[in-house]
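Going down the list, the protein sequences come from chains A and B.
For the first sequence, our numbering puts the final residue at 461, and the numbers step up evenly by one.
For the second sequence, our numbering puts the final residue at 122, and the numbers step up evenly by one.
The reader is advised that the hints may include incorrect statements.
Now the in silico label distances, taken between C-beta atoms and shown as ranges [stated by the list, open to error]:
(1) A:Ala205 to B:Trp119: 42 to 50 angstroms
(2) A:Ala269 to B:Ser107: 52 to 60 angstroms
(3) B:Ala106 to A:Ala191: 26 to 34 angstroms
(4) A:Ala431 to B:Asp49: 38 to 46 angstroms
(5) A:Ser435 to B:Gln104: 50 to 58 angstroms
(6) A:Ala191 to B:Ser99: 28 to 36 angstroms
(7) A:Arg294 to B:Arg93: 46 to 54 angstroms
(8) B:Ala106 to A:Ala269: 31 to 39 angstroms
Derived from the structure by calculation, the hints contain no laboratory data.
All values derive from a computational prediction rather than experimental measurement.
Just so you know, even glycine gets a beta-carbon here, dropped at the ideal spot from N, CA and C.
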Amino acid sequence: MSAGQPRQAGGAHVLARAALGLYPPVWRARYGNEVLALLEDSGAGVAAAASLAWHAVPAWACPPRHLYDRRERMRASVATVGMAWALLAGLAAVFTQLAQAQRQVQGPTLAQHPVIAWSYWAFDACLVVSVLAVAVGGVPLWLVMLRRARRARRRGEVALLLAAAVVPAAYLAAGAVVVALVRGPSRPVVPWESRSMVDLANGGVGPRWFLALVLLGFAAALVSAAGPGLALRRLRLHGPVLVLAARAAFLAAVTMGLAGAASVVAAVGLYQWAPAYAGYRGAWPLAVYLSAVLLAAAVAVISAARGIRASRPPAVA
Amino acid sequence: MRDGLDRWADPPLLVLASLAEEPKHGYAITQDIADTMGVRLSAGTLYAVISRLESRGLIEALESDDRRRPYRLTAAGARELAEQSERMTQVASVARQRLRVNYGWAGA
Chain A
145 MSAGQPRQAG
155 GAHVLARAAL
165 GLYPPVWRAR
175 YGNEVLALLE
185 DSGAGVAAAA
195 SLAWHAVPAW
205 ACPPRHLYDR
215 RERMRASVAT
225 VGMAWALLAG
235 LAAVFTQLAQ
245 AQRQVQGPTL
255 AQHPVIAWSY
265 WAFDACLVVS
275 VLAVAVGGVP
285 LWLVMLRRAR
295 RARRRGEVAL
305 LLAAAVVPAA
315 YLAAGAVVVA
325 LVRGPSRPVV
335 PWESRSMVDL
345 ANGGVGPRWF
355 LALVLLGFAA
365 ALVSAAGPGL
375 ALRRLRLHGP
385 VLVLAARAAF
395 LAAVTMGLAG
405 AASVVAAVGL
415 YQWAPAYAGY
425 RGAWPLAVYL
435 SAVLLAAAVA
445 VISAARGIRA
455 SRPPAVA
Chain B
15 MRDGLDRWAD
25 PPLLVLASLA
35 EEPKHGYAIT
45 QDIADTMGVR
55 LSAGTLYAVI
65 SRLESRGLIE
75 ALESDDRRRP
85 YRLTAAGARE
95 LAEQSERMTQ
105 VASVARQRLR
115 VNYGWAGA
């Protein structure tokens, strides 16, 4: 049971350490030192680093049960999915405003394209299912948490929970006021004039106000999702309502991820097939949108998978 | 390239078989498996397997002051290894008999 002779640690060892950094913190805390010791004994090559990086994916998606408290895992998963879902919902709203709702641009030119038409249909269908899943799993959990926080006179948690309703309402009210104050007549779309889609589809408030409202909207969405998530962690709620929320979060994350994927297909289709004057030829907005959707969807789906796994009763060895 | 035909050399079974000898730490497990079974497990694969086996209660970590923490087989792990070994023996027995009859194989 003796260790082998330590070998020289080079660039590959640094790579292997970096790959170890991809693992969940609790996994690293339990096995990190042992893995480093093994790499010192056996010599860390690029292949070892690649293998470590590859196995980090299942360590996130299917975390070993003995490293986690099931209830805490579910609470963390529901809270994380809530944040990622809010981000995806914000991206979906931007997509709807910039692409799907622009009938004056798309009607005569793009709606007939089957890829875009089917993508819009898939986007709408997935979005509806996802919102329903959030309602089915999130509303009962929110109500139970609110009741418990009020009974226990925990004002901080009550405020966090109410943020889910108050912040979006405040944002919509502020948005309505801004739109009423700054909205001007929309310029008509003319085939020989090349403009960006933000310039075309800003709802008459101008590109700067539009971008400001979008950024404010993302902030409002994240705050309204973070509030209940934080309250859930603090109240340490458990029971059937948490299990239902974890399962609904999985469905909501998967369907929202699919809606995001459909919107990406549509956005790429618009980039590819729309006429130049329609404003969809910007590579940067497309790249930013694609990256944001992929990142948020990956976080949502992986976290939801961890939650649904924790929602199952442990198997007897 | 074995085209996936070496799947009976499942890393969890290899680790269980290695620990059936005596408690071992990570490096000793990989060395034992490489020497006795001809399979080299990477650090990523080994610790993915160790975490799963530990999670299912088939192996357990022993106390150690060293970073190289040894693991040992539990009673449940020994049962699992016995069941899997029995199954593999059965498959090997049928395969040997048919190879002898149909292909004139004269091996062990």
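Taking the hints in turn, this is what the structure says about them:
| no. | hint | in the structure |
| --- | --- | --- |
| 1 | A:Ala205 to B:Trp119: 42 to 50 angstroms | holds, 44 angstroms |
| 2 | A:Ala269 to B:Ser107: 52 to 60 angstroms | holds, 54 angstroms |
| 3 | B:Ala106 to A:Ala191: 26 to 34 angstroms | holds, 31 angstroms |
| 4 | A:Ala431 to B:Asp49: 38 to 46 angstroms | violated, 51 angstroms |
| 5 | A:Ser435 to B:Gln104: 50 to 58 angstroms | holds, 52 angstroms |
| 6 | A:Ala191 to B:Ser99: 28 to 36 angstroms | holds, 30 angstroms |
| 7 | A:Arg294 to B:Arg93: 46 to 54 angstroms | holds, 51 angstroms |
| 8 | B:Ala106 to A:Ala269: 31 to 39 angstroms | violated, 52 angstroms |
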